[in-house]
Amino acid sequence: MRPFTYIRPATPQEAVGAFAEAGEGARFIAGGTTLYDLMKLTIERPAHLIDVTAVRGLDRIEMDGDRLRFGANAAMSAVAGDPTIGRDYPVLSEALWKAASQQLRNMATVGGNLLQRTRCMYFRNGGGGIYPCNKREPGSGCAAIGGLDRGQAVLGTSEACTAVSPGDWPVALVAMDASIEVLGPAGSRSLPVGDLYRLPGDTPHLEFTLGPGEMITAITVPKTPAGRLSTYHKIRDRESYAFALTSAAVALEMSGDRVEGARIALGGVATRPWRASEAEEVLIGHLLTPELALAAGQAAFRDARPGRHNSFKTELGARTITDALIIAAGRGRT
Amino acid sequence: MSTTAFPNRARVDALAKVRGEAKFAADLVLPRTLYAMTVPATIAKGSLSSLPVEAALRVPGVVRVLTPEDFPAPPPYSEDGPPPPPTLETIIAYRGQPVALVIAETLEAAIEGAEVIRPTYVAEAFACVMESAGAQRQPADEVAFGDAPAALSGAAATVESTYDSPTQHHNPLELIATVAVWEDGALLIHESTQASSLVKGAVAGALRLDPARVHVRGATMGGSFGQKAVQRQTALVARAAILTGRPVKLVQPRAQIFHTATYRARTRHQIRIGADADGKIVGVQHHVEQEQSPNGYFAVSEYHRDVIRMYGIRNYLGTGADIRLDRQDSGYMRGTHPQPAFFAFESAIDELAHKTNRDPVEFRLANDTRVDPQNGHPLSSRFLNECLREGARRFGWSRRSPVPGSMTASDGSLVGWGMACGIYQSATTPAIATLRIDARGHTRFAISGHEMGQGMRTAIASVLIQDLDIDPERLEIALGDTRAAPQHMTAGSWGTNSVVPAAMQAAQRMRAAVADLLDGRQVSGNLHRKLASIRRPFLQVEVTTVGPGQDQAALETLRQGGFAVAEAVYPEFSTFSYSAHFLEVRIEPRTRRIRVPRVVSIADCGRVISPRTAHSQVYGGVIWGLSHALREATEIDPRYGGYLNEDLADYVVPVNADIGEIEIGLIDQPDPLANPAGVKGLGQVSMVGISAAVANAVFHATGRRIRELPIRIEHLL
Amino acid sequence: MCNDPDVAPEIPDNQLLVSRRDAMIASVAVVAASHFAASARAQTGPRQAALPVSVDQALIIRTSINGQTLEIRIDARTSLLDLLRERLALTGAKKGCDHGQCGACTVHIDGRRVASCLTLAGKVDGREVLTIEGLAGGDTLHPMQQAFIDHDALQCGYCTPGQIMAAVACVAEGNATSRERIREYMSGNICRCGAYVGIVAAIEDAAAKMGRG
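Sequence order for the protein chains is U, P and C. Residues in the first sequence are numbered consecutively from 93, following my numbering. Residues in the second sequence are numbered consecutively from 30, following my numbering. Residues in the third sequence are numbered consecutively from 2, following my numbering.
Excised from the complex, chain U in its bound form:
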């Protein structure tokens, strides 16, 4: 790790100003669970760190009006443990507490978590140029394609990259039509969470749509009764403290056993948090049966492009959606 300067501004405006002043090699850091980790792997090499966690007032959880609003600095554990969120929006709570460990959730913020980078092993462990990686060294190729690709994406991939978007929280937010508020040199703006993420295409090193010096200040989620009938179902290689092989964020609006509205997003299988509208369409207006739920799950993977070792993800992913739908719908009966 090369040396860097480190400051902790106290207001959002100071933070944005400090970024501009620092110039080349400046990066915002929040909890640091991704950035500092990637610095240790020499993937990230900032010259200046602007730590935004001391920025005042950015950690509030607000539920007034017609939306939930999470300050970007709220700890993952704080939102996960909020009893109202747990009751009215289990998909949000579960997506948080099923991620990482309590230690990391105490450190990581709900804003910073949106910018987590892929866990592709070829990306992480390719220091010294061992593995070609278009994210790490644009144009160098992709070792994962044709390699040990069990963990790689099957949706949204390109000839240049199949790295999975690893997050859980962004998947839940995409399902819930959440937005982010962003502050930057040109002022503030807001955008849907889904628009934060790029597909890899032929520029997989460009992952987010934030401009230079822009920082996330808040996340907003429109309130909806679908929140109650929701879940984040996550299948992994062990019971806890692991990234998803497949996951599904599901929220339903039901009339009896009939599906009036459905939101489904997928994790572990795609290059970005993946809204599965094909699956949603299968459900709308029909009675929710296990068979229909499976048909919806399969619809979500209609365009899947598996590699050598990850074709199971299409089947597992479909079944994960199935179970998630059954769990979510079941919450209306208790």
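FYI, nobody ran anything at the bench for these hints, they're computed from the structure. Here a beta-carbon is modelled for each residue, glycine too, at the ideal position from N, C-alpha and C. Errors might be hidden in some of the hints.
Only some residues are given here: those of chain U computed to face chain C with a beta carbon under 8 angstroms [to be verified]: (1) Thr125; (2) Tyr128; (3) Asp143; (4) Gln195; (5) Met199; (6) Tyr333.
Given the structure of chain U, go ahead and fit chains P and C onto it with the hints provided.
Frame of chain U, contents of chains P and C only:
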């Protein structure tokens, strides 16, 4: 032999451990310490063409970079034993091999210095997995008795299958760490190792030092499981300490450890086994192939040793081969050879029992043996059937519905009940021990042995506190220190059964010595008070013990820092430990997640000296077995060599949420022949067989026989 | 029972007391050293090497560690774990992965458990750090420490300080209300020896004594 059970005492070093005061090698913080960081090779085979160090030397804080030029040539070949690990070399034999060592004032500077060194290489073609072009297949010695092919041709029923077990890395939680101090012409090495004397010899050999001036203090170990024997890094750090005249510390990053430490070799076992109409095993053919480094010594033939003694097998043909690859040496990892062998063998037994419509427990009970099938010698003790009956009783095996797929839970999960057995040789090493009791209340016992968490200190304390009236609070047990006693490697489940008899003998001799001194006088108080009363500052006794069939030569080998194991097929009898495992799997109906909500594991390890730590060892063994069955595998991309999943996020070991209820039972019957304490090994046998029990339970739940580990969701979708 | 008696050299107390002026030179000062010094004394003094980075790549932080105020100049790259271990000789927290993947480095910051290996040391400026060394009240063990002994919730002991710090927090958070919940909320602490059965039992036991959970 010890005739009474030992009480359940707390682990003697638990207090220091819960306070964070136990000192592991990396916990040593000496004034003026320099920090080291290795530079790993990025090619899988070839040679260095340049090693520019200027960029590293420009990093503020970097004081020196060691390169191959800083090391003496390797010592000449010797018949006496394996050569020490190489130091820094220009020839690259495997990816991750260290090519330079950066020394700096701070850890951060050492890391940065190592990052900026960009060697250039001449790369060569390489073979890194068994399927690689260019992998060299080298047949191994046969192990055979009777006529297995003939017996199998006449069998009433046979099964023949191939079973695969993956490459695995030990991953003890403690990183490999070395602190070397060079002072007044002597080298003191603090290292986490289970073989202090071997480390001493290796460093002296590699650096051409007088062994008398090299001391190794094997610190408290943060687990090892076979990994921490002789490490390549030790001589590098020692050389840095010599060249800089300051203490040097290296804590190797885990990603590098994957590439430099040993690992469990991937194996493929082909087994053909048959039974007669009465359900008696008539013969076994077992062919095993394993991955192996170019000069590795991890013997293929040892996959057969324990399999042969599991049941009354009359005909056996064991064959095998090494597949020579461009990798670092494989080595011993918990469960060693029997671990993958018994995934295969105990799966095959289950397949045969199923094919012959016999209950797997009854099938095993009926194939018991009282003698070593290979040589006809007695088995000194064998309570396998007791383990089976006790395990079946506690588990409730009689309630099992035998038809695969016939048991389901209320939530729709498929339920499978499986079982399997384990066996592991109970080998012995010689020991030299010194016991000193002083009049001021202090007792010191020094012996060859290393505390890895298995509880050796507690077992020794258990004996000394039971046999001697001493102050237990001031009992010091010196282990792993080449200055305190010659150190034999502690491994292979021979630790407790090698040191406990010596501790008993020392206590006995001490009591006799005290009686001689007192000469009939009645003196009150404990031994310290007695010595004080008769104005003796201290009393010291030394004892030596050897394994069955060993003589003075073994003690001499120990004194020279060598390897002197009496393998458990002793001249007049054979001594093995046994286990029987019963477990339940539940498999989710759609997503096919496999969970193991409960396990019952019963072990015959002879006399139990330290019940509490013994139970903990079995808990650990069970969890290692579950991990072998369901979690762990090292991934190698054949195009690049090295290990891809080189961290604890991607090399998946169990977390707390993976583990359900585990019930342990120990038979606690002393072995009458192996040693005067009646102790047999426990660390490995507690693990051996678990992975087969899981596979057998998965078969029972689903009707699908998985012959490849780890068993994952995709196998069952 | 005593073991490893000669790992750490005994050094006099006053070696730990560095004046403000010295601190600028030596990069470390221990203020109000009573308990901190006592816990550190058994090991060695704070390391006092000059930092090999430029002025703007270093920073001075003022923090509280185990109840004692400390002002120290650090390389901005330093993790809290390396600060504790290599500069302050508080070696209870362990390095098992250095990437937030094992939990052996768990300490508390302002009462919440964190992975100190992924925490920039600069982040503890103005905050309170509690390590395993500060958990017991003198010779009186914390109920969680005693429970770990009673249930043999350890083998090698390397993960143990992190397990205990995580466990204390787990109870305080209210996440020790059932075995299932304990297992889930203790899954960030890997025990390779496989002491999970004892760990869960110890936490159930201590939670009752701590009056929470």
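Results of checking the hints against the structure:
Annotation: U/Thr125 was flagged as interfacial toward chain C, and the flag holds, the nearest CB pair being 5 angstroms apart, inside 8 angstroms. Satisfaction of the interface hint for U/Tyr128 is found here, the shortest Cβ-Cβ separation to chain C being roughly 5 angstroms, below the 8 angstroms cut-off. At about 7 angstroms, the closest approach between the beta carbon of U/Asp143 and any beta carbon in chain C falls short of 8 angstroms, and the interface hint on this residue holds. Checking U/Gln195 against chain C by beta carbon gives a least distance of about 5 angstroms; that is within 8 angstroms, so the hint holds.
About 5 angstroms separates the beta-carbon of U/Met199 from the nearest beta-carbon of chain C, less than 8 angstroms, and the hint is met. At a threshold of 8 angstroms, the smallest CB-CB gap from U/Tyr333 to chain C is about 4 angstroms, leaving the interface hint in force.
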